[in-house]
Amino acid sequence: MALLQISEPGLSAAPHQHRLAVGIDLGTTNSLVATVRNGISVVLNDEQGSALLPSVVRYPEEGGVQVGISAQARQSADPQNTIVSVKRFMGRGLKDVGEVIDLPYRFVDSPGMVQLRTVAGVKSPVEVSAEILKVLRDRAERSLGGELVGAVITVPAYFDDAQRQATKDAAKLAGLNVLRLLNEPTAAAIAYGLDNASEGVYAVYDLGGGTFDISILRLSKGVFEVLATNGDSALGGDDFDQRIYCWILEKAGLSQLDAKDTRLLLTHARTAKEQLTDHVQIQITAVLSGGELVDVTLTRDDFYEMTQNLLARTLQPTRRALRDAKLGVEDIKGVVMVGGSTRMPQVQRAVAELFKQTPLTNLDPDKVVALGAAIQANVLAGNRSADDWLLLDVIPLSLGIETMGGLSEKIIPRNSTIPSARAQEFTTFKDGQTAMSIHVVQGERELVSDCRSLAKFELRGIPAMVAGSARIRVTFQVDADGLLSVAAREMISGIESAVTVKPSYGLNESDITRMLQDGNQHARDDMQARALREQQTEAAQLLEAVETALRLDGDALLDAQAQARIRLSMDALRDVLNGNDHLVIKRAVEALNQTTVVFAQARMDRSVSNALKGHNLSELEG
Amino acid sequence: MGVEKALRFDEFLPMKSLDFQQDFFQLFELPSRFQIDNAALDQRYRDLQSQVHPDKFSHLSESDQRRSVQWATRVNEGYQTLRSPLARGRYMLSLLGVDTQEETNTAMPLDFLMQQMEWREALQDALQSKDIDALDVLSDNNRQETATLQQQLGRQLDESHDHLAAAGSVRKLRFLEKLAEEISSAYDELDS
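Respectively, the protein sequence lines represent chains Z and A.
Every letter in the first sequence is one number past the one before it in the working numbering, and letter 616, counting from 1, is 616.
Every letter in the second sequence is one number past the one before it in the working numbering, and letter 176, counting from 1, is 176.
No lab work stands behind these hints: they were computed from the structure.
Just so it is clear, the structure is predicted and the values come from calculations on it, not from any experiment.
Even glycine gets a Cβ: it sits at the ideal position worked out from N, Cα and C.
A few of these clues could be false.
Unchecked claim - Under the rule of at most 20 Å between Cα atoms (straight-line distance), these lysine to aspartate or glutamate pairs were calculated in the EDC-like manner: (1) A/K172 to A/E118; (2) Z/K326 to A/E177; (3) Z/K326 to A/E145.
What the hints assert, rightly or not - Residues from chain A shown here face chain Z by an in silico Cβ test under 8 Å; the list is partial: (4) E145; (5) T146; (6) A186; (7) D191; (8) S192.
Stated by the list, open to error - Not close to chain A: a few residues of chain Z, all C-beta gaps over 10 Å, as computed: (9) V201; (10) A381; (11) A464; (12) A480.
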């Protein structure tokens with residue numbers, strides 16, 4: 001009989017080892033992880049069999065972190081420590097985060113990116129996202145039985161540099177090797193294109209929980225070429241919920257709700273939105289914390305009406321993308337629908353009207369991005385010959401630098417195929433100017449103040465000369481993840497100085513290292529703090545008990561020498577009581593216990609005999 | 001033979017066949033002419049990117065990845081330069097050592113300037129009256145004029161080899177390109 005071969009756990013039995021790689025869709029509402037198994041892209045489920053991990057992170061008062069359904073279940077009860085839709089805050093300052101007043105969080109304004117105050121301390125959106133990614137990484141490693149070589153993380157195509165950098169940082173913090181940041185519509189196109197072997201120009205309309213993307217792609221002989229992309233990185237299903245929420249407030253005559261009631265009604269609003277996909281009208285019933293009853297009826301028509309301008313905000317970027325691609329709707333062979341929000345009938349109708357065709361919905365709009373990302377991860381990990389197809393993606397927003405008068409000079413225009421580099425020369429404004437401040441911005445607007453500020457740095461040591469004669473060459477390089485680095489060089493008379501910057505909105509390498517260490521250190525610190533407090537409490541209680549016992553029985557039961565020994569031991573404990581080392585306190589407590597053993601025994605004996613005096617056994621038993 | 005071995009940058013992409021010193025026409029294996037075969041350009045672009053794109057090297061060494069980014073960047077730059085008639089004309093002149101003086105030389109024939117002023121006024125009017133149809137007309141006119149100038153530039157570069165006249169055509173085309181950008185912004189504005 002042939003012996004069965006059993007491979008070691010985590011090792012592939014195949015002759016050439018399959019590298020474990022996953023695609024992760026880090027969504028506003030839900031996140032997913034998928035992988036290619038036996039040549040087929042599959043979404044990995046959790047132990048309860050669900051594929052979607054709600055992108056909800058809760059920091060409970062008792063410590064630890066909850067992610068997913070358990071966190072979601074507590075969002076109304078504990079709104080301030082339960083972070084929902086954290087993706088909307090990635091790489092965003094406080095002023096960028098719209099409708100803050102209606103969100104039940106305690107925001108902390110900090111340079112670059114907004115932070116959130118929770119019971120577990122101030123958290124950056126990067127850290128919160130990393131918690132979601134950790135859960136998905138664990139799920140994948142358990143399911144695949146080994147460590148991952150890397151992951152493709154998807155981002156909205158319209159994410160700017162700061163948002164991309166924040167996403168990459170979160171993945172690093174979660175211990176993931178990022179093979180590539182992949183644009184969500186492109187990922188969806190891979191999932192569709194490979195299934196259908198399509199040729200021609202396609203539009204991908206991706207309306208998620210918090211972001212909207214439109215990409216126009218040409219598919220030809222295995223090449224996916226993004227012709228143009230546009231969108232709104234702060235528009236999604238959440239905004240439809242908000243509209244219903246505001247409508248409920250108005251209808252029920254409510255104002256100024258607390259955090260719990262806000263979250264409660266937002267949750268009801270979301271359910272209502274989902275139900276209106278299949279029903280023409282629905283009842284919204286909720287009891288607020290003050291006991292007020294909310295009971296309103298919402299019709300589909302009312303819902304359409306109140307969200308019409310949100311829809312318009314998706315159609316406008318769509319038309320722009322078509323114009324940028326120099327194409328008309330008649331050139332579009334198919335429209336792929338991505339994102340849970342495309343289930344709303346009014347969205348499908350609006351897209352069908354614009355493109356004059358029924359959009360494609362044959363793949364699950366929630367899963368298609370993760371499935372496509374997994375296919376690309378499999379290629380990037382080197383499991384599959386990469387000759388099969390090629391992705392040519394673009395940057396969504398122009399990159400430029402600030403020039404005199406606060407104007408933006410574009411250096412790399414939007415929709416440039418990446419990787420891309422462009423250099424531009426600038427000169428000095430004043431005679432004898434020896435330093436130049438370089439301000440990197442992203443966006444289409446003329447005024448720097450209307451664009452996103454990515455980084456500021458100074459180039460020093462420019463030789464003093466007449467205004468306008470220095471030659472400063474600024475080079476922008478955008479890599480295949482769509483991430484920018486900038487170098488500036490002064491090129492006069494052989495003197496060159498160069499500086500490379502990473503945009504300041506992201507975290508630099510040392511920040512990431514620090515956060516990783518802090519994470520481990522904090523866990524240790526927390527445990528030590530708890531042990532110390534426990535030990536201090538125990539010591540204080542012991543000291544008090546011994547003190548009382550000495551006062552009551554010391555003279556009766558102990559000689560002076562024995563009493564002095566106990567006093568000495570008590571002083572020794574008091575000396576270390578306020579120190580930081582719980583082990584030292586513990587030893588002093590044990591010493592005092594040891595010293596008082598005989599005394600305690602004597603007191604015990606005496607109280608037993610005292611107790612027995614004048615009582616019979618039956619009384620004691622009763 | 002392992003996949004990794006097969007994809008080593010040096011073996012895969014010998015420096016003798018792809019050379020940073022090559023000009024874009026050489027890189028794309030096209031004759032150095034203004035009139036080019038766009039289909040051949042597209043095909044060669046895809047072939048090149050299939051060889052050098054960072055996605056082909058993501059599991060290889062960092063130095064391979066860096067070189068891949070450099071090459072892919074250069075291929076993109078070359079493609080964008082050759083694909084756009086204006087950029088292609090400007091590039092051909094720069095290879096010939098002719099400065100197109102687009103920022104400094106603002107001397108334009110009077111009739112061209114008059115027409116430009118007329119069109120800019122029409123653009124402002126269309127914006128103010130939110131007249132999409134007027135914008136369409138303007139856009140069509142601009143496209144036709146651009147096509148005419150491109151043909152002229154092609155003759156100057158490929159046939160008469162009149163480089164100074166070609167530089168003049170490049171400057172005119174730059175005007176028209178700016179106008180096209182403004183028309184596009186105007187569409188955006190009317191759309192919002």
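Taking the hints in turn, this is what the structure says about them:
1. A/K172 to A/E118: At roughly 15 Å apart (the allowed maximum being 20 Å), A/E118 and A/K172 satisfy the hint.
2. Z/K326 to A/E177: Holds. Z/K326 to A/E177 sits at ~14 Å (cutoff 20 Å).
3. Z/K326 to A/E145: Holds, at about 17 Å.
4. E145: 17 Å, violated
5. T146: Where the cut-off is 8 Å and the nearest Cβ of chain Z is about 12 Å from A/T146, the hint is violated.
6. A186: With a minimum Cβ separation of about 11 Å from chain Z (threshold 8 Å), the hint on A/A186 is violated.
7. D191: 5 Å, holds
8. S192: Because about 6 Å separates A/S192 from the closest Cβ in chain Z, which is inside the 8 Å limit, the hint holds.
9. V201: Z/V201 is indeed farther than 10 Å from all Cβ atoms of chain A, at 14 Å.
10. A381: 6 Å, violated
11. A464: Answer for Z/A464: holds, closest chain A Cβ roughly 25 Å.
12. A480: 4 Å, violated
The earlier numbered hints that this structure contradicts are 4, 5, 6, 10 and 12.
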